[in-house]
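Q: Let's have the full structure, built from the sequences with the hints guiding it.
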Amino acid sequence: MPMNSKAQKIRKSLSKNTKKGFRGYPVATIAFYGPTDKVATKVVASIVPNEDAGAGEMQKWYSEADVRQDEDILTEIKDFIATHGARSVAMPERIIGCPHEEGIDYPEGEDCPTCPFWKSRDRWTGDRIH
0 MPMNSKAQKI
10 RKSLSKNTKK
20 GFRGYPVATI
30 AFYGPTDKVA
40 TKVVASIVPN
50 EDAGAGEMQK
60 WYSEADVRQD
70 EDILTEIKDF
80 IATHGARSVA
90 MPERIIGCPH
100 EEGIDYPEGE
110 DCPTCPFWKS
120 RDRWTGDRIH
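Using numbering that gives the first Met the number 0, the first residue of the sequence shown is number 0, and each one after it goes up by one.
Since no wrong hints were added, every one of them can be taken at face value.
Lysine-lysine pairs mimicking BS3-like chemistry, simulated, CA-CA at most 30 Å apart:
1. K118 with K37
2. K18 with K37
3. K19 with K77
4. K15 with K37
5. K15 with K77
6. K18 with K5
7. K5 with K19
8. K19 with K37
9. K59 with K41
10. K59 with K37
11. K77 with K18
12. K59 with K118
13. K8 with K41
14. K8 with K19
Quick list of simulated restraints, FRET-style, between CB atoms:
15. P91 with P115: 19 to 29 Å
16. D104 with Q58: 14 to 24 Å
17. G102 with Y61: 10 to 20 Å
18. E100 with S4: 30 to 40 Å
The set of hints was computed from the structure by calculation and includes no laboratory data.
Even glycine gets a Cβ: it sits at the ideal position worked out from N, Cα and C.
A: Structure below.
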């Protein structure tokens with residue numbers, strides 16, 4: 000499904016903000032998750048308010064289609080960042096793992112039974128771990 004021009008523009012704007020590097024706190028983090036490394040069905044945005052804090056405010060969005068191509072979701076993410084006054088944005092360009100949550104959707108310490116693609120994979124590179 001090709002990305003519409005408005006969604007593409009918002010995604011480009013978010014990517015551009017990440018390339019500016021650290022510009023101070025609060026920092027917005029954006030992470031994409033999916034059953035494979037091809038389609039992101041979940042995105043999580045959070046705000047790190049200061050150097051000594053972990054993630055504070057957090058919001059999650061889900062879609063059957065790719066959230067990276069959803070104009071409404073991307074707009075909500077942009078609004079979330081603006082509402083919290085984020086000065087910096089961190090967002091890996093790749094999908095970094097399964098959309099299901101360990102200890103919530105499946106038992107702690109096990110692999111997700113729904114997303115076998117991620118079994119024995121490094122979430123940051125997508126490479127197989129032996």
